[in-house]
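Asks: Given next are the chains, with one letter for each unit.
There are 2 protein chains.
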Amino acid sequence: MQIFGDSKSGNCLKVRWTAELLGRDFTWIEVDILQGQSRTAEFLAMNPAGQVPSVILDDGRPLAQSNAIILHLAEGSGLIPSDAYERARMLEWLFWEQYSHEPYVAVARFQVKYQGRPVAELDPKLVERGRAALQRLEDALQGSKFLVGNGLTLADVSLVAYTRMAEDGGFRLADYPRVEAWIARVEQALDIREPATA
Amino acid sequence: MQIFGDSKSGNCLKVRWTAELLGRDFTWIEVDILQGQSRTAEFLAMNPAGQVPSVILDDGRPLAQSNAIILHLAEGSGLIPSDAYERARMLEWLFWEQYSHEPYVAVARFQVKYQGRPVAELDPKLVERGRAALQRLEDALQGSKFLVGNGLTLADVSLVAYTRMAEDGGFRLADYPRVEAWIARVEQALDIREPATA
Numbered sequence: 013m014q015i016f017g018d019s020k021s022g023n024c025l026k027v028r029w030t031a032e033l034l035g036r037d038f039t040w041i042e043v044d045i046l047q048g049q050s051r052t053a054e055f056l057a058m059n060p061a062g063q064v065p066s067v068i069l070d071d072g073r074p075l076a077q078s079n080a081i082i083l084h085l086a087e088g089s090g091l092i093p094s095d096a097y098e099r100a101r102m103l104e105w106l107f108w109e110q111y112s113h114e115p116y117v118a119v120a121r122f123q124v125k126y127q128g129r130p131v132a133e134l135d136p137k138l139v140e141r142g143r144a145a146l147q148r149l150e151d152a153l154q155g156s157k158f159l160v161g162n163g164l165t166l167a168d169v170s171l172v173a174y175t176r177m178a179e180d181g182g183f184r185l186a187d188y189p190r191v192e193a194w195i196a197r198v199e200q201a202l203d204i205r206e207p208a209t210a
Numbered sequence: 013m014q015i016f017g018d019s020k021s022g023n024c025l026k027v028r029w030t031a032e033l034l035g036r037d038f039t040w041i042e043v044d045i046l047q048g049q050s051r052t053a054e055f056l057a058m059n060p061a062g063q064v065p066s067v068i069l070d071d072g073r074p075l076a077q078s079n080a081i082i083l084h085l086a087e088g089s090g091l092i093p094s095d096a097y098e099r100a101r102m103l104e105w106l107f108w109e110q111y112s113h114e115p116y117v118a119v120a121r122f123q124v125k126y127q128g129r130p131v132a133e134l135d136p137k138l139v140e141r142g143r144a145a146l147q148r149l150e151d152a153l154q155g156s157k158f159l160v161g162n163g164l165t166l167a168d169v170s171l172v173a174y175t176r177m178a179e180d181g182g183f184r185l186a187d188y189p190r191v192e193a194w195i196a197r198v199e200q201a202l203d204i205r206e207p208a209t210a
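Protein chains in written order, with our numbering: chain E, 13 to 210; chain W, 13 to 210.
FYI, nobody ran anything at the bench for these hints, they're computed from the structure. Here the structure is a predicted model, which means the values were calculated and not measured. A couple of the hints might just be wrong.
In this list, chains with the same sequence are indistinguishable; a pair is considered to hold if it fits within one copy or across any two.
SDA-like cross-link-like pairs, simulated, lysine to any residue; straight-line CA separation at most 20 Å [unchecked claim]:
#1 K137 <-> L46
#2 K137 <-> Q147
#3 K137 <-> P115
#4 K125 <-> K137
Next up, chain E with everything else stripped away, as it sits in the complex (with noise of 0.2 Å):
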């Protein structure tokens, strides 16, 4: 398998931690998106999107959309629970992760530390939705130590893509301790090597 991806990406990297923790081979292709590397005509006849994380499979096809492609490779792994309901859960946290966390909180985060805007004049309802995001962890994470039953699911590969960055949007994370811990278990299940922020 290919991986086009950029590693300052989340939604990427979670392909990457993916397929890594599955003992899957893969080739990873840096595309810096801010090079517009994901929006040449190359890229997108692979990806008429022209977004990153991509992926080529085995067998030649293409396939994109971070949470399509984590949970192509991971069916049949205990990645995914095998009960219908904790499926059908964990498959909310995926989307809710696309509708209602990363346009926030990876947003703040984009817009600090790759286009240099001070922390004090990103949008205040950005700040807002993402501290609602981080809040409704936070809930969650009451008395559960991952998102979806007992154990790691693709809810925690996904969600902790961009939390675990959320500093670098201006986010304190020490006022959601339990997502903090939940961060730090869900780094080690994963192995996570790369430093959060820099």
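For this one, chain E is given, so just place chain W on it according to the hints.
Replies: Just chain W, lined up with the frame of chain E:
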């Protein structure tokens, strides 16, 4: 099953159409989001994200996120391809819908139809990205009757919800003739009776 939904919301209608197509018994409980009915303490106890649709399954357990709900309801049905790659492509469309289509096509509609903003005063970026999403559908439907494989899948159910209402947000569906024909095809397959725009 109880479906808590706002009839104005394409996300909610997805769930109703899927339940109807599968012949599932359900009760529809109207939740008016404009009146703040998805933000009451009672509602938040069921769905801490404060979003519709939200369902209470027959065993009393809650589930949220439109695409997670329809994936759960449709498990084992023909709405989810049995082929692993086609299933992954269907998931790719579902995540793309929530990240790259709904935030533009549905949000433009919401601002015009429910907040009274003139089409000419929409954020140009919103319009540009909505058009890009419609164009991507147009391209994907070249030579295909449905988005994935040869038959109706949840990708069609999910994407048609706001696409058929796009004119409410000032988009011209006549500019996307394959999309227009696909909308009619999916409406027929789902036996959709409510008007797309009103």
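Asks: If you check each hint against the structure, which ones fail?
Replies: The structure breaks none of the hints.
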